[in-house]
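Enquirer: One-letter residues, chain by chain:
Protein chains: 4
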Amino acid sequence: MRAIVAHAAKDIRIEETGVPALGPEDIRVRIAFGGICGSDLHYYNHGGFGAVRLREPMILGHEIAGVVEAVGADCRRVKIGDRVAVSPNVPCNRCRYCLEGLQNQCLDVRFYGSAMRFPHVQGAFRESLVCRESQAHPVPGSLTLQEATMAEPLAVALHATRRAGSLMGRRVLVSGCGPIGALTIVAARRAGAAEIVATDIADGVLGFASRLGADRVINVAETPETLTAFGADKGYFDAVFEASGAAPALRTGIEVIRPRGVIMQLGLGGDMTIPINQVTFKEIELRGTFRFHEEFALALEFMGKGLIDVKPLITATKPLDEARDAFELANDRSQSMKVQIAF
Amino acid sequence: MRAIVAHAAKDIRIEETGVPALGPEDIRVRIAFGGICGSDLHYYNHGGFGAVRLREPMILGHEIAGVVEAVGADCRRVKIGDRVAVSPNVPCNRCRYCLEGLQNQCLDVRFYGSAMRFPHVQGAFRESLVCRESQAHPVPGSLTLQEATMAEPLAVALHATRRAGSLMGRRVLVSGCGPIGALTIVAARRAGAAEIVATDIADGVLGFASRLGADRVINVAETPETLTAFGADKGYFDAVFEASGAAPALRTGIEVIRPRGVIMQLGLGGDMTIPINQVTFKEIELRGTFRFHEEFALALEFMGKGLIDVKPLITATKPLDEARDAFELANDRSQSMKVQIAF
Amino acid sequence: MRAIVAHAAKDIRIEETGVPALGPEDIRVRIAFGGICGSDLHYYNHGGFGAVRLREPMILGHEIAGVVEAVGADCRRVKIGDRVAVSPNVPCNRCRYCLEGLQNQCLDVRFYGSAMRFPHVQGAFRESLVCRESQAHPVPGSLTLQEATMAEPLAVALHATRRAGSLMGRRVLVSGCGPIGALTIVAARRAGAAEIVATDIADGVLGFASRLGADRVINVAETPETLTAFGADKGYFDAVFEASGAAPALRTGIEVIRPRGVIMQLGLGGDMTIPINQVTFKEIELRGTFRFHEEFALALEFMGKGLIDVKPLITATKPLDEARDAFELANDRSQSMKVQIAF
Amino acid sequence: MRAIVAHAAKDIRIEETGVPALGPEDIRVRIAFGGICGSDLHYYNHGGFGAVRLREPMILGHEIAGVVEAVGADCRRVKIGDRVAVSPNVPCNRCRYCLEGLQNQCLDVRFYGSAMRFPHVQGAFRESLVCRESQAHPVPGSLTLQEATMAEPLAVALHATRRAGSLMGRRVLVSGCGPIGALTIVAARRAGAAEIVATDIADGVLGFASRLGADRVINVAETPETLTAFGADKGYFDAVFEASGAAPALRTGIEVIRPRGVIMQLGLGGDMTIPINQVTFKEIELRGTFRFHEEFALALEFMGKGLIDVKPLITATKPLDEARDAFELANDRSQSMKVQIAF
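Protein chains in written order, with my numbering: chain A, 246 to 588; chain B, 246 to 588; chain C, 246 to 588; chain D, 246 to 588.
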């Protein structure tokens, strides 16, 4: 069985790896597609991000869907031949956060393809994956496996919109229109946002943002004053989703959000210098949002019912043999939104 | 100028009435359409509801849109010829509730066509209406005036969904599929509900519910057990919108809602006997929702952007001369959803 | 080992019963005191309440504290000789509600001395109790075991106040001043209530309410108009804690609560007829509250730090031999608040 | 009539100034005491803070109480001879934020002794003050005018605790124990905090913190590791009140707060560099809090009922002639908490 293994920055290899044994509550999934995420790109480009660094070879990948090819003795729900999307998130369900219902804050979580703990949790970019039955979610008949592979990043966006409180009738700014920002546009619209303004510094992704339903897009590299004009009368937006991880975007978000508004921080950007007095004066809430839990199943349900359409976001699919090309293509924001690998 | 005046149960008359003088902050609107609401029907059928009774002749009506035909000296925003929907709700903006932002709880509110206070507040089913400029909201070019007339009942449904907290990804039951229930289905979907089950005792309105996007409809007069099956494991729904005003509907809602779920009570039904122990055991929230405030403008925005479509709900339009027929038609749930009068 | 066993209404017996074996995660506690709760009285007086009926002999009791006399092989936290209060609540920590952090809604909960499931869960009014180590909470050195026995009913009141949202600076009505109502007065004050009005129909318990810190007490059997005067301008109270289970109290609560106020329903009273239109018009929230979870440890912490004092509530302590007298005394509201049994 | 006028950094003068005319809704108050606030000290020490600078002479002061000596023709509530605390905050009650109930975010607010707008709003450190009747709150008979003068800073702390959501049973960290931090300790305890840890870099103010009820105090200049140990298992505190305005305090607050915890930012400190990834990973909320509105009356009520005691915080009172000494004394954290001026 082959897998995509990251050894260091710019050093990913397709390697043979063994197939783990199947426990009684496990299933084995023949992976069909894997989507390249921003964190995969961080490992590929830089060998990690912030304090999280590759310290041993690690199989990448956590956006996956496929077909069940074997089931353990105690599996009751999933059958061989089922099409499933696999959640990369395995909380312990025993620590204090899990027992408070905060599984995404689990103290002992295992998340595929992450170097946050050591030994690293090996990822899912492999031809065959053994996982727990509880991780597998059936793919509605109306969806392709490529769309189902989008359940994971969509779940991130759904979690972010739910963490923001009700968006029904709200005015929303999304800064940064990469895949997560783009999915946040879709999710915020689904959640009832009345107006969505999207910003980026690249026209390419702003075109996607428009097609996905943003009411207005602004290239803040070209016309920053168009955005800052929203700062009149203490600010315009009820909610800001900061998905760029760029300090200037957060700073401008603080400027254009209205008093008591909520800024959801999705983008990862290390230390940032922010005008904290404005947070105090306007009584803003800056709120983090991280991964997801029950939103994985919800993502499949929304897509399956046609309430959310992610197809426009899948810009390319490459075979496993061309994995390196796929990563380079994913790096190119002028033409790529989500790049998937076909296993 | 002619108006529709209620004198007593089953006694409405088309009468000539004078046009009030135009103050400096007032406008005069040539009314195009007026929608018949459940409260109008209560006055027509019964002379009132509960303790609220007709004590003098009262012009009915509070769902209206038209064209501006005169503006007062101090008006700045609205111009002659503008198409406007008129909010029937005039809070004082000075009482303690208004200054807390709860204008729909204003201690001195004037709401068109309501016998809650005496002298009654005369309504808006008249050929020409003088109102404050601040009540008039511009109708987006993409909307007909008939659709704009739906802003008021849609605002009621939007207010109810917002009062319920975030519905993003939630499982929702709507009991009672008259106009308000039907609009609540649309509003809940707009707010991100993942699943919507609608119930009624009449197949006619359930057909509307399906076309408006309910995932499933149940005729609880025919197959009540289909609904009560949702009571397993303490209940299924995250939120219930009780729009029928019927005690059995509320009782069943309490049975099928999950622990900590929210039941929004929209329907008016006088005293009801409820299993209060179940409210306690399951820690349910039973929450009232009444009228609207900023949701009136939001209703127009949602319709104008194509995010909510109310056209399927407008089942008939009758000329002013046939007002009595219009009221009788509105009474007939087998064929009517919203009946409008053309002035 | 002796225990207090309820066989039917007015038929409780002190009987010999065996001591269960000690599992590796269990401890055995020599019970010192047991407090008689309203539900114990329901079994004693009526053989149950509502649909919950005695169907086999059941040991009563769930308010208990004592001294550890044996520990299982795997116990790490508790040692022989420790003074502990024992939580009567054992959630499964595996069902969907537990994994959402709603352990008090557990689908498979075992709660001492409850006939809600069959076979009934035997209670803790016994000389020696085997329970899980995780149920045992150390008693701070500043507390007597009698005070520690109050952790359970105090936890109920703490849970109710937390379910009400922030009470900081709020105006609070408590209707019904039995032990739970009285503890709610104390808890609401601890939570920052600015004003607390307490009502009952018995002067005896109202005296307790005053001593516990109620700003004002009203005997609604004698001067109901003193309370209903609070209904002016749509109502006065931000929060109502309905601890009587009497329908008129809930009805009046609805009358005197302000718009958007919260009524917490603690009292158990079967079906009640309520003016549902007022709930709708004033957009009231009627919210259930049931038992507790993490509030048990919190109760001990508050008492241990002197932040809550329950001593005035313990009105009598009777030896086990006089258990029947203790139950009769607890029935007498003119002189009793909380009656405890010394084992 | 004499007043304390700031001309520039370290240049305050006692000057004669005229008494404004009394409008029909105005009252004139003989000021008894004025408390020196942190912002007064900023003007005194630095001529302003951040972008807010003195651009003309400005009377300082906004913490005041006194005795009514004249009332306008339309005043109904306040009488000559009444003891009153005067709120320095005058919202317009007409802008969009006021009509949402967010008077502390008023677009046209006038706040005494503030250089935020130009011409500056003159302050209240003067022998006689003309203000609106609505600003005057009666002082309960149980309070001295010195205590009543504390209503303003206490209102700031009460607003902060209410903005934090329910603190009932929560673990709280207060960083920075100047007057606002110290009052936040008192307010958080009043709001039901189960545990309060207070930090500062000066032992003097930490002694106050202990006497005011902090369960534990930590000098983070001496033993920072005592605080950072609370960062285990993702963090300990449910809520952090950052009242120092020092970037390292905010950074450590982010480290020791638990997932989904709330950091309230009260301290003003200009731009700060924060580990934004930790905000994201732990889904922290960083929330501003600014001034107060209805909490001014609440502060008087809490003090009047003996539910909050601020007397230990008033460390010195100086006559008007020694105003400069009073400001220097207020600068000295080793001996001062709140310094008041007697007019």
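I should point out that these hints are in silico values taken from the structure, not numbers from a laboratory. Errors might be hidden in some of the hints.
Unchecked claim - 20 Å max Cα-Cα, derived SDA-like pairs, lysine to any residue:
1) B:K563 <-> B:L574
2) D:K527 <-> A:K479
3) B:K563 <-> B:L552
4) D:K479 <-> A:C376
5) A:K479 <-> D:L347
6) A:K479 <-> D:P336
7) D:K550 <-> D:R328
8) D:K527 <-> A:V297
9) B:K527 <-> B:A477
10) A:K479 <-> D:R328
Enquirer: Looking back at the hints listed earlier, which ones does the structure fail to meet?
Expert: Hints 2, 3, 4, 10 not satisfied by this model.
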